[in-house]
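There are 2 protein chains.
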Amino acid sequence: MTQTTPMRPTLDALQALDALQALDARDPLAHKRAEFLLPQGVIYLDGNSLGALPARVPARLECVAREEWGDALIRSWTANNEGGRDWMALPDRVAAKVARLIGARPHEVAVGDSTSVNLFKALSAALAAAAPTRRVILTDADNFPTDLYVAQGLNALMGGRYDLKPVPVADLATHLGPDVAVVMLTQVDYRTGERLDLAAVTRQAHAAGAVTLWDLAHSAGAFEVDLNGAGADFAVGCGYKYLNGGPGAPAFLFVAERHHAVPVALSGWMGHADPFEMAREYAPAAGARRFVVGTPMVLSLSALDSALDVFGDVDLAALRAKSLALTDAFMALLEGVPELTLVTPADHARRGSQVSYRHPQAREAMRRLVERGVIGDFRTPDILRFGFTPLYVSYADVYHAAQAVQDVVRELRG
Amino acid sequence: MTQTTPMRPTLDALQALDALQALDARDPLAHKRAEFLLPQGVIYLDGNSLGALPARVPARLECVAREEWGDALIRSWTANNEGGRDWMALPDRVAAKVARLIGARPHEVAVGDSTSVNLFKALSAALAAAAPTRRVILTDADNFPTDLYVAQGLNALMGGRYDLKPVPVADLATHLGPDVAVVMLTQVDYRTGERLDLAAVTRQAHAAGAVTLWDLAHSAGAFEVDLNGAGADFAVGCGYKYLNGGPGAPAFLFVAERHHAVPVALSGWMGHADPFEMAREYAPAAGARRFVVGTPMVLSLSALDSALDVFGDVDLAALRAKSLALTDAFMALLEGVPELTLVTPADHARRGSQVSYRHPQAREAMRRLVERGVIGDFRTPDILRFGFTPLYVSYADVYHAAQAVQDVVRELRG
Numbered sequence: 006m007t008q009t010t011p012m013r014p015t016l017d018a019l020q021a022l023d024a025l026q027a028l029d030a031r032d033p034l035a036h037k038r039a040e041f042l043l044p045q046g047v048i049y050l051d052g053n054s055l056g057a058l059p060a061r062v063p064a065r066l067e068c069v070a071r072e073e074w075g076d077a078l079i080r081s082w083t084a085n086n087e088g089g090r091d092w093m094a095l096p097d098r099v100a101a102k103v104a105r106l107i108g109a110r111p112h113e114v115a116v117g118d119s120t121s122v123n124l125f126k127a128l129s130a131a132l133a134a135a136a137p138t139r140r141v142i143l144t145d146a147d148n149f150p151t152d153l154y155v156a157q158g159l160n161a162l163m164g165g166r167y168d169l170k171p172v173p174v175a176d177l178a179t180h181l182g183p184d185v186a187v188v189m190l191t192q193v194d195y196r197t198g199e200r201l202d203l204a205a206v207t208r209q210a211h212a213a214g215a216v217t218l219w220d221l222a223h224s225a226g227a228f229e230v231d232l233n234g235a236g237a238d239f240a241v242g243c244g245y246k247y248l249n250g251g252p253g254a255p256a257f258l259f260v261a262e263r264h265h266a267v268p269v270a271l272s273g274w275m276g277h278a279d280p281f282e283m284a285r286e287y288a289p290a291a292g293a294r295r296f297v298v299g300t301p302m303v304l305s306l307s308a309l310d311s312a313l314d315v316f317g318d319v320d321l322a323a324l325r326a327k328s329l330a331l332t333d334a335f336m337a338l339l340e341g342v343p344e345l346t347l348v349t350p351a352d353h354a355r356r357g358s359q360v361s362y363r364h365p366q367a368r369e370a371m372r373r374l375v376e377r378g379v380i381g382d383f384r385t386p387d388i389l390r391f392g393f394t395p396l397y398v399s400y401a402d403v404y405h406a407a408q409a410v411q412d413v414v415r416e417l418r419g
Numbered sequence: 006m007t008q009t010t011p012m013r014p015t016l017d018a019l020q021a022l023d024a025l026q027a028l029d030a031r032d033p034l035a036h037k038r039a040e041f042l043l044p045q046g047v048i049y050l051d052g053n054s055l056g057a058l059p060a061r062v063p064a065r066l067e068c069v070a071r072e073e074w075g076d077a078l079i080r081s082w083t084a085n086n087e088g089g090r091d092w093m094a095l096p097d098r099v100a101a102k103v104a105r106l107i108g109a110r111p112h113e114v115a116v117g118d119s120t121s122v123n124l125f126k127a128l129s130a131a132l133a134a135a136a137p138t139r140r141v142i143l144t145d146a147d148n149f150p151t152d153l154y155v156a157q158g159l160n161a162l163m164g165g166r167y168d169l170k171p172v173p174v175a176d177l178a179t180h181l182g183p184d185v186a187v188v189m190l191t192q193v194d195y196r197t198g199e200r201l202d203l204a205a206v207t208r209q210a211h212a213a214g215a216v217t218l219w220d221l222a223h224s225a226g227a228f229e230v231d232l233n234g235a236g237a238d239f240a241v242g243c244g245y246k247y248l249n250g251g252p253g254a255p256a257f258l259f260v261a262e263r264h265h266a267v268p269v270a271l272s273g274w275m276g277h278a279d280p281f282e283m284a285r286e287y288a289p290a291a292g293a294r295r296f297v298v299g300t301p302m303v304l305s306l307s308a309l310d311s312a313l314d315v316f317g318d319v320d321l322a323a324l325r326a327k328s329l330a331l332t333d334a335f336m337a338l339l340e341g342v343p344e345l346t347l348v349t350p351a352d353h354a355r356r357g358s359q360v361s362y363r364h365p366q367a368r369e370a371m372r373r374l375v376e377r378g379v380i381g382d383f384r385t386p387d388i389l390r391f392g393f394t395p396l397y398v399s400y401a402d403v404y405h406a407a408q409a410v411q412d413v414v415r416e417l418r419g
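Line order of the protein sequences matches chains U and Y. Residue 6 is where the first sequence starts when you use the working numbering, and the numbers rise one by one after that. Residue 6 is where the second sequence starts when you use the working numbering, and the numbers rise one by one after that.
Okay, chain U solo, but in the shape it has when bound (with noise of 0.2 Å):
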């Protein structure tokens, strides 16, 4: 998997909608398709930006709406934790099922609030984490822009005491000097989908004397993420993009447990060590849930939670062969167009589970293949992005979808 050479199947055995039939038929985790309720006609790759329905969601948020909130009202909060349903634990039940998918253990992970706010707890903490005599963030220059506005904002707040350093990240061993506190960084690219080797970059961070902060949103879900076995210390990542946790899904905040005393920025009483104490002085909860803020968006959570359940059988070795196999296969089914220039690394260590390209009129392309039922998407200034979500994605979609990129592309040249 982590071999650097790229390894692709010939464009000649690729082209034949009969081989990769063929690769569906003996897929793993074909089965899994049918846990999502996909629309008629729609080739969906955009699982990367907003994550399909699981088809278990809908029952569970009639249930949460219906019984656990109409019927059984302010006594959903603590009734039934045998059951595994009171809603004051939901936080935690729902950490403990991302913490598997990402290396962690489950006191080391919150979840709730946007991952923008889940930036924002991540890196006051980080900061707090960090010696004190280091003023430096740094960071990738082509960071996700709600990645660098949280940190400019908080900056801001403490007094602008931190200098905020994006640069570009083939440069980032250049710049880790004796001032750097914090490395924040996205691992997967969310333009040309490049992969940073997350254990690597953690070591040179900590060897420079620097603490790191991951921004997870491409990764989590995508493939298996070992953040303890990289020693990281602060992650943060997204509900609503590989996890498919619904449109805006709660976010998740991974502390390693060697950090659970740095104060708490963004103090709440859901995150006090006993809310109904009703206490005036805070006193943080054990473990993350202490970054828990205020009362939990139960019904986003509850589809979360759901959702989650579909990782349940899943081998994340097999989610990521799958994802290589998927994104390997578009990459050659598209080699040689003359107007689409390949951004995401071939080598498959480099690699998300996304392919982008640029083309000359990127979002005009775009805009004929939604309308064909090929839904990826379109970044500023001119990259086609398409996310392969190795759950619901088939082998025979990327070959009807790349031919639909040939079609479109074919047409805006003449």
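It cannot be assumed that every hint is accurate.
Note that identical chains are pooled: a pair holds if it fits in a single copy or bridges any two copies.
Computed list of lysine to any residue pairs in SDA-like fashion (alpha-carbon distance at most 25 Å, straight line) [unchecked claim]:
hint : residue 1 : residue 2
1    : K37       : C68
2    : K170      : L22
3    : K170      : A323
4    : K102      : R363
5    : K170      : E282
6    : K37       : A178
7    : K170      : L34
8    : K37       : R415
9    : K170      : A401
10   : K102      : R368
11   : K170      : H180
Read the hints as simulated data drawn from the structure, not as lab findings.
Based on these hints, arrange chain Y on the given structure of chain U.
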């Protein structure tokens, strides 16, 4: 409505169930009860903690899950904005519905995140709006704990720059010196149900040169609030109490237009002027939209959106009149019960929409009441709390609830 001499029907009249049923028969809000799904055999007096389920919400959730998420997928972010359904504008549409209830203009309200997170946004903004030489945050020592925790966490993050001063609310005036930056108060005390005069306290704070931050958790949807009429500066409120938005529903933030230029501490991409421009520098959106941070939790936010439609035809003066009549009746029916010490003001102007009593065995008394289907709640150390939500609580409910309270108190006496 604001007379200071309480006008309460006599005990004799109220003791008759007939009399109360007659009030139900001419209640202009009686038809609203059918818009909620209430469990059989329950009198629900805890809508001040978790509002009941509006009947329209399950269908809306089903539609959002199956159609907007499942079928339209990523297209729902922008599709159908003429139909008022695009997710990008959903926070703004909900904000407009909240604005009407609190005397704000739509562009002064931002909806999303928990109340605690909104307190953090509001307090950081209020401190930025205050004169920089002022270093005291004045608050009620009996404020809801999360309000205190959030202030503690924010102040620590800002290097302990401020002095958080919790004082008895009755002594507020004596502490309103030239050092006070922000007066942060909850309008209705969550334990006693005592209501502060928002306009008078705001005037007092302004006269002392301070900025006001109001927590409307037990105000919004319980009675009409007129923030702009009072010249209020900042406010937050809860979506899941009197607004019936569901467990942990998104909360709201009010920022008076004159303060819109303050720096945004929690600056995320959904509050950016052009989120999909993917610019590296944060540039705030127009109005209070800048206080939206990350991707909105669409499922929870849609439930709140739908729940707010219940208020569409509600006259807020009639709502307040019924709230006072319900609480008057309850207080009258329990007058003279020796174990019950009323802690809610009899004065209409000083009363929210709840009635609270101290009782030496309050926890056990509430347990027995809930067992009998009368759901209020216990608040430490010895408070029995009963919330009266005029949209779905009837006068007959008041009678039966008071009977149950008398029975339980009698049992515990024996």
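Hints and how they fare:
no., hint, verdict
1, K37 to C68, "both (23 Å within a copy, 24 Å between copies)"
2, K170 to L22, "neither (48 Å within a copy, 71 Å between copies)"
3, K170 to A323, "neither (38 Å within a copy, 57 Å between copies)"
4, K102 to R363, "neither (36 Å within a copy, 42 Å between copies)"
5, K170 to E282, "between (43 Å within a copy, 21 Å between copies)"
6, K37 to A178, "neither (41 Å within a copy, 64 Å between copies)"
7, K170 to L34, "neither (42 Å within a copy, 59 Å between copies)"
8, K37 to R415, "neither (34 Å within a copy, 59 Å between copies)"
9, K170 to A401, "neither (44 Å within a copy, 65 Å between copies)"
10, K102 to R368, "neither (37 Å within a copy, 35 Å between copies)"
11, K170 to H180, "within (9 Å within a copy, 43 Å between copies)"
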